[in-house]
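There are 4 protein chains.
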Amino acid sequence: MALTGRRKLLNEVIFGTETRAGRNFDVFLIWAILISVGLVLLTSIGTVRDRYEHLLIGLEWVFTGLFTIEYIARIYCTVNRRKYIFSFYGIVDLLAILPSYLALLYTGATYLLVIRLLRVLRIFRILKLVRYLRDANVLLRALGLARRKILVFYSSVLVMCIIFGSLMFVVEGPGHGFTSIPTSVYWAIVTITTVGYGDISPQTPLGQGIAAMTMLIGYSIIAVPTGILTAELAGEMHRERVQQRCDNCSRSAHDPDAEYCKFCGHRLEDMDESEAL
Amino acid sequence: MALTGRRKLLNEVIFGTETRAGRNFDVFLIWAILISVGLVLLTSIGTVRDRYEHLLIGLEWVFTGLFTIEYIARIYCTVNRRKYIFSFYGIVDLLAILPSYLALLYTGATYLLVIRLLRVLRIFRILKLVRYLRDANVLLRALGLARRKILVFYSSVLVMCIIFGSLMFVVEGPGHGFTSIPTSVYWAIVTITTVGYGDISPQTPLGQGIAAMTMLIGYSIIAVPTGILTAELAGEMHRERVQQRCDNCSRSAHDPDAEYCKFCGHRLEDMDESEAL
Amino acid sequence: MALTGRRKLLNEVIFGTETRAGRNFDVFLIWAILISVGLVLLTSIGTVRDRYEHLLIGLEWVFTGLFTIEYIARIYCTVNRRKYIFSFYGIVDLLAILPSYLALLYTGATYLLVIRLLRVLRIFRILKLVRYLRDANVLLRALGLARRKILVFYSSVLVMCIIFGSLMFVVEGPGHGFTSIPTSVYWAIVTITTVGYGDISPQTPLGQGIAAMTMLIGYSIIAVPTGILTAELAGEMHRERVQQRCDNCSRSAHDPDAEYCKFCGHRLEDMDESEAL
Amino acid sequence: MALTGRRKLLNEVIFGTETRAGRNFDVFLIWAILISVGLVLLTSIGTVRDRYEHLLIGLEWVFTGLFTIEYIARIYCTVNRRKYIFSFYGIVDLLAILPSYLALLYTGATYLLVIRLLRVLRIFRILKLVRYLRDANVLLRALGLARRKILVFYSSVLVMCIIFGSLMFVVEGPGHGFTSIPTSVYWAIVTITTVGYGDISPQTPLGQGIAAMTMLIGYSIIAVPTGILTAELAGEMHRERVQQRCDNCSRSAHDPDAEYCKFCGHRLEDMDESEAL
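As you go down the protein sequences, you meet chains H, D, F and Y in turn.
Following our numbering, the numbering of the first sequence begins with 1 at its first residue and continues without gaps.
Following our numbering, the numbering of the second sequence begins with 278 at its first residue and continues without gaps.
Following our numbering, the numbering of the third sequence begins with 555 at its first residue and continues without gaps.
Following our numbering, the numbering of the fourth sequence begins with 832 at its first residue and continues without gaps.
By construction, these hints were calculated from the structure, which means they are not laboratory data.
Hints may be right or wrong, so weigh each one.
To be verified - Only part of the chain Y face toward chain H is listed, based on derived beta-carbon distances under 8 Å: (1) THR878; (2) HIS885; (3) GLY1027; (4) GLY1029; (5) THR1057.
Note that the Cβ used here is the ideal one computed from N, Cα and C, for glycine as well.
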């Protein structure tokens, strides 16, 4: 079913990026999302919330209203409504407005705690931004190709963390902060990823020896995902370059930084721009 | 000697992955291993252990029984028993059940400490999981090719840690936490791997200068194993791609993400799947 | 407009690197910049400042005088004065002397604080050094090619930090150091970059679980910019090698470490040296 | 001048690796070095030193005697004595025995402190080990090719650390641990290398913002040396492979993991083994 009249116009503005109005709408939406996320961050600071409480609540409702209207308009003007509502972005769009309304219903004793949790959920609004970012395609395709090797890598890291964590639980024990195996596994993850908070750290010589081994392993296996991704990415970038065709003479295999066709001198369109969204 | 009758059937179910029963057995075993490891983790949490002591001990014995029956069945139905028992997985299979039985014999004064150590050994059960993970072959072959270069790298890192640790022991001394050279070497490993607990940290200007140098060296030499592995992995992935042959026309050199033969359109079998285990 | 007489001579000494006088001037300038920055560092140490106050202030004015004369001479002998003054290095040259003079005007109650800030701005002098460093071109071109992919990467990291920070603010709350969402986002950045100060660290099991997830994500996504840059750099270095031509026989495609042309034995000029500045 | 008689024999044993005696001598020396370094580490632990003082001092003199005899023998049997004494290993060999003798002369009030420093210098003995490690050549050549690019990178990192350190000194000030610009630069290095001790950490919102920026920069520029080295290493490994020749048919370009010549089936000698020292 093709759209007609007002719905078609609205669809071009809201979903499209070809018309001037469509692009302006997108830019306006990005700013609205960024500002509303900024408001959530400000509201979480105690001194700011106490001082500007009414202003923050007011602005909060303005943005909730705006995004509600936008959500209804998206449902109205889309071709396949069911598909949009249950798509990833349809759910994110709903999650971006729902928490504000839910905060109205539950206003009991645990009000403050609940509203906080709900407000934070609104941060998912920012996920909308991902939709507007370009050049992510090459990265995602390389990650897709590398996914199984990376899964094997992650499983190995987790197995190592559980084994080293258990060892440290026995060697150091609850007296030195290793209160249970899950806590020790948390310590092992903190150590193997080289984060190293220092909230839990070994104190016996044997514990320090095992910790040193954990670090050296963590330090070197970081090379594995880098190696996998680099190899996949190099292949993916090579493929992308080969696929770029000159609009004039249809020949391909241009250098990645070429701005003009090397066969006929025609200006090459930026592939990343033209294929985006 | 070929297996016959019941032993052959059992062998197909336990060791094989071609039949439906064999695959179901493997999936069931993975879940049993994961759950039993989860139990060990839960048991280590003081509050959980106090509350559900009988349940946890009971479940512990259920899993020990299951894995014991499995171990005996493996010995019964394998072709070369001696080879299985002394293989890596044969030993891991035994280590996964032994601690529970040993805990019965030694129940003296140091009962609690010993049982803890024995229970942790049971975590080796999870090592069994490695057997079921696929796609690890390419990684392992690249690591194999890179092993000597990585050994040279590790030796250099250890030599540097001993020298920097000794220097810091002299410069900072026991008063600032550097109580002995081994402790200082532990500090150097914590620093060079960029873990940085902060349990021991330099306090004199000279010590901070040496520490800064250690960090900058550690920060840059991480490039070395990454470089080695990436170079080997790229070569290994190239070789793997070249070796993949179409079942229909026997031609090779397909792209790594190709799902159909580019010469005859026949669906390519996923090499990683078909060559696993 | 071509320069003549004294201005041309001065231009060759100050801006040029071909004559012996020009090279000597550059070396002298680098040492003057390094020493004056060293003085700023020394002055910031309380005990040193109290002891050598007059000497440090005196030397400070010697260097300010020197750089002022140099700045005036640069304006005097350059071809296009407006272009130089508003160029990047023109502004850096001005910023390198301005703070010392501004410190004379504002000597009120907040004297100490202001002079401190102004003095620090003088550190921009060191940025001048970048001008003299060679071999940075290949790196910068590779970074230029990778800039959009790296921007996408950074945006994703920031979005993740905001979401994980908000989650931790709700889970851990102000009682455990997560006083506001911005503070929690700061914690998320400290964690995802594997810095891990430990000034804020999760204390509830759920918080430690989310923190472990944040670390594992941060630990693996570090592979992304490395992969991007390595792929671009390999291409850029390949291109550089292909472009290098022998002065004698005009043939190219020499190996990156070749010092003599492989076709005619003529000594190859070092490209990085000859194209620098 | 060619060596004759006893000197030639001794030279083959001490410097050579072709004869059985030469290899045995090397293995014996490695163990002697490792054990004597282990002794220095043990001696630094207070409780061990108090208990086994006489044994440790005795063993110390046994090893000093052994290495002294070895040093004299090396001078005796080498062809060009002056060249050996002033070579890197000649100096390391001397430094490995000198501290023990110097400890005899200076036995005044500061005895303990001095002997400690001298003893630590003996750790340089371990540097001898480097001589025996193989496969380091490819790594060193790739590092050599990358040295100028890595120097540019290090200079940029140091400039950034000085600028960020100065900024933090002004923003946070001595009250929050940033007592001087050098200390702040130390903090910047701790942060940019993602070590993150947490001994100094920002406490104002502005300081935390600048710190977050420092971390993100440090987190991403680690990609630069990795990219440089990987690109150089890939080239160097390619070159090494191409250079490997079959002893039988003299053809080259074998795969890096090839053990037999692909043209004539002759077993390829391991290049890394045959070209080492």
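Inset, instruction - Could you check if HIS885 (chain Y) really has its C-beta closer than 8 Å to a C-beta on chain H? - result: Not OK, violated: HIS885 (chain Y) not within 8 Å of chain H, min 24 Å.
Inset, instruction - With a cut-off of 8 Å on the beta carbons, see whether GLY1027 (chain Y) makes it to chain H. - result: Holds, because the Cβ-Cβ distance from GLY1027 (chain Y) to chain H comes to roughly 7 Å (cut-off 8 Å).
Legend entry - GLY1029 (chain Y) as chain H interface residue, shortest Cβ-Cβ below 8 Å: Hint on GLY1029 (chain Y): holds, closest Cβ of chain H at ~6 Å, below 8 Å.
Inset, instruction - Report holds or violated for the interface hint on THR1057 (chain Y), using the least CB-CB distance to chain H and a cut-off of 8 Å. - result: OK, holds: THR1057 (chain Y) within 8 Å of chain H, min 7 Å.
Legend entry - Hint check, THR878 (chain Y) versus chain H [nearest Cβ-Cβ separation less than 8 Å]: 11 Å, violated
Going through the hint list in order, the structure does not satisfy hints 1, 2.
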